[in-house]
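Chemist: Residues per chain, in single letters:
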Amino acid sequence: KAGVTQTPRYLIKTRGQQVTLSCSPISGHRSVSWYQQTPGQGLQFLFEYFSETQRNKGNFPGRFSGRQFSNSRSEMNVSTLELGDSALYLCASSLGALVGNTGELFFGEGSRLTVL
Amino acid sequence: AQKVTQAQTEISVVEKEDVTLDCVYETRDTTYYLFWYKQPPSGELVFLIRRNSFDEQNEISGRYSWNFQKSTSSFNFTITASQVVDSAVYFCALSEAYRDDKIIFGKGTRLHILP
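Heads up: the protein sequence lines correspond to chains P and Y, in order.
Numbers 250 to 365, taken from this note's numbering, label the letters of the first sequence in order.
Numbers 3 to 117, taken from this note's numbering, label the letters of the second sequence in order.
There could be a bad hint or two in this list.
[Said to hold, decoys possible] Taking beta-carbon pairs under 8 Å as the criterion, some of the chain P residues facing chain Y (in silico): (1) N305; (2) L330; (3) E331; (4) L332; (5) E353; (6) F356.
[Claimed, not checked] From chain P, some residues computed to sit far from chain Y (all C-beta separations above 10 Å): (7) L292; (8) P310; (9) L337; (10) L354.
If you're looking for bench data, these hints aren't it; they were derived computationally from the structure.
For each residue, glycine too, the CB sits at the ideal point set by N, CA and C.
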């Protein structure tokens, strides 16, 4: 079956701009999580959506937001970009709401954002 | 608070050697899950294993094995007879399943298998 698809794979923006990243989960998966990966901080949890509701949020400023659509596709948005937002943004999907019970996250290849 | 520590930032071994990746975790809960993920150069993380806190049995899958010890809060991962294709970044992760629904990852260990 098709995996998790993230678009775009690469993008370059300048400070102050905003960006929207898209994630299509595996068919049938209703939970989508977003992570930011940087060399210094590793993988940091951004937020998780299940059935169009944000159920959990990491410690990121309000410039980072997201949403999930009725077909489980998700988008995340970063406004007023800063140099420190340069990172690989990973999306992961899972079947159910309790990630510990389902046991497995399926990740996309990520969207690599460079802020100049 | 949840925390996962992978003290080894980078490891290099020669092909066919055994290598162990360390993982130490902290949690307030008695019910939790531990994971290992592999991130090859393509970027996507690949699930390797999940272990719940009530199952301390060690697990072996081919050349991979995992040693879970609650007494030391460790969940170490060993690759025997390493191969070049094992080169990747490996992440250990923790989920307190009934407290919140996010997985907390360690910072990863970059493993280089030299031919």
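Chemist: All the hints need checking, so say for each whether the structure fits it.
Modeler: Going down the list of hints, with the structure as the test:
no.	hint	result
1	N305	holds (5 Å)
2	L330	violated (21 Å)
3	E331	violated (22 Å)
4	L332	violated (21 Å)
5	E353	holds (5 Å)
6	F356	holds (4 Å)
7	L292	violated (4 Å)
8	P310	holds (18 Å)
9	L337	violated (6 Å)
10	L354	violated (7 Å)
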